[in-house]
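**Student:** Here are the chains, one letter per residue:
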Amino acid sequence: KNQVEQSPQSLIILEGKNCTLQCNYTVSPFSNLRWYKQDTGRGPVSLTIMTFSENTKSNGRYTATLDADTKQSSLHITASQLSDSASYICVVSGLDAGKSTFGDGTTLTVKP
Amino acid sequence: DAGVIQSPRHEVTEMGQEVTLRCKPISGHNSLFWYRQTMMRGLELLIYFNNNVPIDDSGMPEDRFSAKMPNASFSTLKIQPSEPRDSAVYFCASSPPQMGKNTIYFGEGSWLTVV
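Respectively, the protein sequence lines represent chains A and B. Each step along the first sequence adds one to the number in the numbering used here, with nothing skipped, and position 11 is 11. Each step along the second sequence adds one to the number in the numbering used here, with nothing skipped, and position 32 is 32.
Some hints could be false.
[Stated by the list, open to error] In silico BS3-like links for lysine-lysine, alpha-carbon gap of 30 Å or less:
#, chain 1, residue 1, chain 2, residue 2
1, A, Lys99, A, Lys71
2, A, Lys1, B, Lys68
3, B, Lys68, A, Lys99
[Claimed, not checked] Here are the simulated distance ranges between beta carbons:
#, chain 1, residue 1, chain 2, residue 2, range
4, B, Asn102, A, Thr78, 23 to 29 Å
5, A, Asn55, B, Glu18, 44 to 50 Å
6, A, Asp39, B, Ser7, 37 to 43 Å
7, A, Thr51, B, Arg22, 29 to 35 Å
8, A, Thr109, B, Asn52, 40 to 46 Å
9, B, Gly16, A, Thr56, 50 to 56 Å
Worth flagging that the hints you see were computed from the coordinates, not collected in a lab. Positions of the beta carbon are idealized from the N, C-alpha and C atoms, including for glycine.
Put together the whole structure using the sequences plus the hints.
**Tutor:** And the structure:
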C-alpha cells in the first residue's frame with residue numbers, strides 16, 4: 001500500500017530560525033513529489049515539485065530535497081517568518097500522475 | 001489569472017438535502033480534481049478528469065456522490081442525499097497538460113456542514 005509519512009507532526013520555532021520537515025514514502029513506481037503549504041482556512045499552495053531525476057529544488061526561502069533511493073524528502077525553511085505558520089503537506093504521485101498519496105502534514109508555528 | 005474558482009464557499013444544509021458544489025478551473029488547464037479534506041482523514045482524492053473525461057473515480061465514497069464535467073470550464077460535485085458524515089472541506093483543483101511535471105492549483109474550498 002502506498003504511504004506517505006511526515007514528521008514531525010507539529011513544530012514550534014522562533015521567528016528567524018531555520019527548520020527542516022521530513023517526508024518518507026513507499027509509493028512505487030515513483031513519478032513526482034510535491035510540497036504544499038496550506039494556511040488555515042485556505043487551499044493548499046504548491047511550493048515545489050520534483051521528479052525522479054531532481055534532488056533539490058528551491059522556491060525563495062524554501063528548499064526541498066529528494067533522495068529517490070531511500071524514498072525520503074525534506075523541506076528546509078530558512079530564516080522563518082510569522083507568515084510561515086501553516087500546514088506543510090508532502091504529496092507523492094506514482095505512474096498515474098492524477099492519483100496522489102498525501103501525507104498528513106506538519107503543522108508549523110512560528111512565534112515572535 | 002483568477003485561479004480555480006469554487007462556489008459556494010460555505011454551505012450549511014440539513015441531512016437528506018441535495019448539495020451541489022461548483023468549480024471553474026483555470027483556463028487552459030485540462031485536468032480537474034475533486035478532493036475532500038477532514039481532520040480525521042486529511043486530503044483525499046475523490047475523482048479526477050482529463051480533457052473533461054472522468055479518469056478515476058475510485059475515491060468517490062458511495063453512490064450518493066456524483067461528479068460531472070460538461071465542458072472544459074465547469075465541473076460539479078453533487079451529494080444526494082447528504083449525511084452529517086459528509087461534512088468536510090471540498091477542494092477543486094486543476095492542472096495544465098503534463099500534470100506529472102506541473103503544479104496542481106487548488107481553489108479555496110467549499111466548506112460543507114450537514115446537520
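**Student:** Hint by hint, note whether the structure agrees.
**Tutor:** Going through the hints against the structure:
Note on A:Lys99 and A:Lys71: the hinted pairing holds, with a Cα-Cα distance of about 18 Å set against a maximum of 30 Å. Distance hint between A:Lys1 and B:Lys68 is fulfilled; the C-alpha atoms sit about 29 Å from each other, no more than 30 Å. Of the supplied pair hints, the one linking B:Lys68 and A:Lys99 holds, its CA atoms being roughly 18 Å apart against a limit of 30 Å. In this structure the hint that B:Asn102 and A:Thr78 lie 23 to 29 Å apart at CB holds, the actual value being about 26 Å.
At about 49 Å, the beta-carbon gap between A:Asn55 and B:Glu18 stays in the expected band of 44 to 50 Å. Taken as a hint, the range 37 to 43 Å is violated for the pair A:Asp39 and B:Ser7, whose Cβ atoms sit roughly 20 Å apart. At about 33 Å, the CB distance of A:Thr51 to B:Arg22 agrees with the hint of 29 to 35 Å. The hint said 40 to 46 Å for the Cβ distance between A:Thr109 and B:Asn52, and at roughly 41 Å that hint holds.
The hinted window of 50 to 56 Å between B:Gly16 and A:Thr56 holds, with their beta carbons roughly 52 Å apart.
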